[in-house]
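Novice: Residue-level listing of the chains:
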Amino acid sequence: MSEILFIGLSLSSILLLIALGLSITYGAMGVINMAHGELVMIGAYTAVLAGIYLGLNLFFALPLAFLMAGVVGLLIERLVIRRLYGRIIDTLLATWGVAILLQQAIRLEFGLTFFGIHIEGLGPGLQNMAVPGFLTQPFDLWGLTIQPYRSFIIVLTLILTGVTWFLMYRTSIGMQVRAIMRNPQMAAACGIDVRRVSMLTFAYGSGLAGVAGVLLAGFKTVQPDMGASVVVDGFLVVVVGGVGSLFGTLASAGILGQINGSIAVLTNDILARAVVFGVVILLILWKPRGLFSMRSR
Amino acid sequence: MLEMQNIDSYYGRSQVIHGLSFSADDKSIVTIIGRNGVGKTTLLRTILGLTDRAEGVILLDGGDISGLGTYERARAGIAYVPQGRHIIPDFTIRDNILMGRFAARSGAQGIPEIVGELFPYLMENLDRQGGVLSGGQQQQLAIARALAAEPKVLLMDEPTEGIQPNIVEQIEASIIRLNEELGLTILLVEQNVGFARRAGHAFAMMENGRAVAAGRIGELSDDLVARHMAI
Chain A
212 MSEILFIGLS
222 LSSILLLIAL
232 GLSITYGAMG
242 VINMAHGELV
252 MIGAYTAVLA
262 GIYLGLNLFF
272 ALPLAFLMAG
282 VVGLLIERLV
292 IRRLYGRIID
302 TLLATWGVAI
312 LLQQAIRLEF
322 GLTFFGIHIE
332 GLGPGLQNMA
342 VPGFLTQPFD
352 LWGLTIQPYR
362 SFIIVLTLIL
372 TGVTWFLMYR
382 TSIGMQVRAI
392 MRNPQMAAAC
402 GIDVRRVSML
412 TFAYGSGLAG
422 VAGVLLAGFK
432 TVQPDMGASV
442 VVDGFLVVVV
452 GGVGSLFGTL
462 ASAGILGQIN
472 GSIAVLTNDI
482 LARAVVFGVV
492 ILLILWKPRG
502 LFSMRSR
Chain B
429 MLEMQNIDSY
439 YGRSQVIHGL
449 SFSADDKSIV
459 TIIGRNGVGK
469 TTLLRTILGL
479 TDRAEGVILL
489 DGGDISGLGT
499 YERARAGIAY
509 VPQGRHIIPD
519 FTIRDNILMG
529 RFAARSGAQG
539 IPEIVGELFP
549 YLMENLDRQG
559 GVLSGGQQQQ
569 LAIARALAAE
579 PKVLLMDEPT
589 EGIQPNIVEQ
599 IEASIIRLNE
609 ELGLTILLVE
619 QNVGFARRAG
629 HAFAMMENGR
639 AVAAGRIGEL
649 SDDLVARHMA
659 I
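Heads up: the protein sequence lines correspond to chains A and B, in order. Per this note's numbering, residue 212 is the first one in the first sequence, and the count goes up by one each step. Per this note's numbering, residue 429 is the first one in the second sequence, and the count goes up by one each step.
These are calculated hints, taken from the structure and not from any lab test. Positions of the beta carbon are idealized from the N, C-alpha and C atoms, including for glycine. Treat the hints loosely; a few may be bogus.
[Claimed, not checked] Derived, one-sided and incomplete: chain B residues facing chain A with beta-carbon distance under 8 Å:
hint, residue
1, 438
2, 476
3, 482
4, 485
5, 495
6, 496
7, 498
8, 508
9, 514
10, 516
11, 528
12, 573
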């Protein structure tokens, strides 16, 4: 039983990292970023490439992926999203286009396949990232079998959630983000540079997606379209948790990850997804604005 | 001194302000009056760059701010107390006030002293949420937030609208005090002609997005009021 909970918890953790970024960007800017899954994918490929070319293991890949995904996110914001603020349907389509573009860039190795050049680690095939040996050996602790890699995922997520909470609620930039989430015009009238703060927020959320990608690469194969399913899960978490609520995202990632994990272990993955979708539908019917929506009047 | 020359301002394709010119002397209270829907609020929003598009020149102490972003205008010394107050309901009183600090040029931190003098209630309840306050208290909070920005010019949009009478007097008194003691230039959008006359040094009468009359407050005759404000 405890093992099932544990698997659920580690799934929740990755969901949470993905959803945190989405929740912040959607909450702060009203942007639905369909390319968020591709930022996860970029994180995963960063880990793969760092392993092949730089000989760096998971631990070094994490900050690298954070930076890489963050920079790509920053570029997406500056080149595409910035021009489309306030036009939610347009951003949805445009970021979807960016998502396809990024997928194909990896699949075609940035176009080099046309010239017969192959970069190892890219391309349409499956890749994987080696997890350091000491993270793969389960050990016993007080009669429980501990999976070190899954524990690592949980601990890292807790730390990053803590950092995010601190940034949002205890720093000046976080206060600016929260003010923009609630009233962007008043925030600007109070001297907050909405564009700059939004850009940084977007980059940070993207960076978290990159980290999630590295963690995901540890137990799933890495492939160009891995982001597509991930972004759907991320949005489910955001919608159920309530837009803009850090705590809601946390709770909802916990619930959905746990349901997914438990049912997947007891039966199979496909049934687990069906149940998750069912639960999400019921929750949204019961609370259309999410479990912990931001109060406004 | 705040000076506007030939201002046109738009929401989408509809033009709300038409070729308006206008100026406010330093340390004066200028009341902007006129019927509902003539563009008074839009005029204030145009000064901050909050409309969709605007043309014309806006000079603050001689420098043109019309090309700047809203946050830069705020940092240049223009603070806004909007109609409806726009308090953030789930921020504490403290955080609502500190929001204004992002525009303070001196980089001062914390809650300005003057807030404690003017609005002791706010100082005693810094940890309460903004959303639970009464309308009058929220108005005080919105003024406190604007003061935290250390403005030269304060834009106030119907600060006494929908507020219980005993607090209206307090707010009117504090507006006059801010002008006299801190030397703030105040642009006051007002429906209440009585208060406009009591507090204002000058006035501008608006109709259909244009300034149809302006001058010293003494020149605001009953005839003008009847012509442009009677319904």
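Novice: Now tell me if each hint is right for this structure.
Specialist: Results for each hint:
1. 438: Not OK, violated: residue 438/B not within 8 Å of chain A, min 16 Å.
2. 476: It holds, given that the least Cβ distance between residue 476/B and chain A is near 6 Å, below 8 Å.
3. 482: Violated - the Cβ of residue 482/B stays beyond 8 Å from chain A, reaching only about 15 Å at its closest.
4. 485: Because about 21 Å separates residue 485/B from the closest Cβ in chain A, which is outside the 8 Å limit, the hint is violated.
5. 495: violated (15 Å)
6. 496: Given a least distance of 11 Å, the restraint on residue 496/B is violated.
7. 498: Where the cut-off is 8 Å and the nearest Cβ of chain A is about 4 Å from residue 498/B, the hint holds.
8. 508: Because about 4 Å separates residue 508/B from the closest Cβ in chain A, which is inside the 8 Å limit, the hint holds.
9. 514: holds (5 Å)
10. 516: Since the shortest Cβ distance to chain A is 5 Å, the answer is holds.
11. 528: With a closest approach of 5 Å, the residue 528/B hint holds.
12. 573: holds (7 Å)
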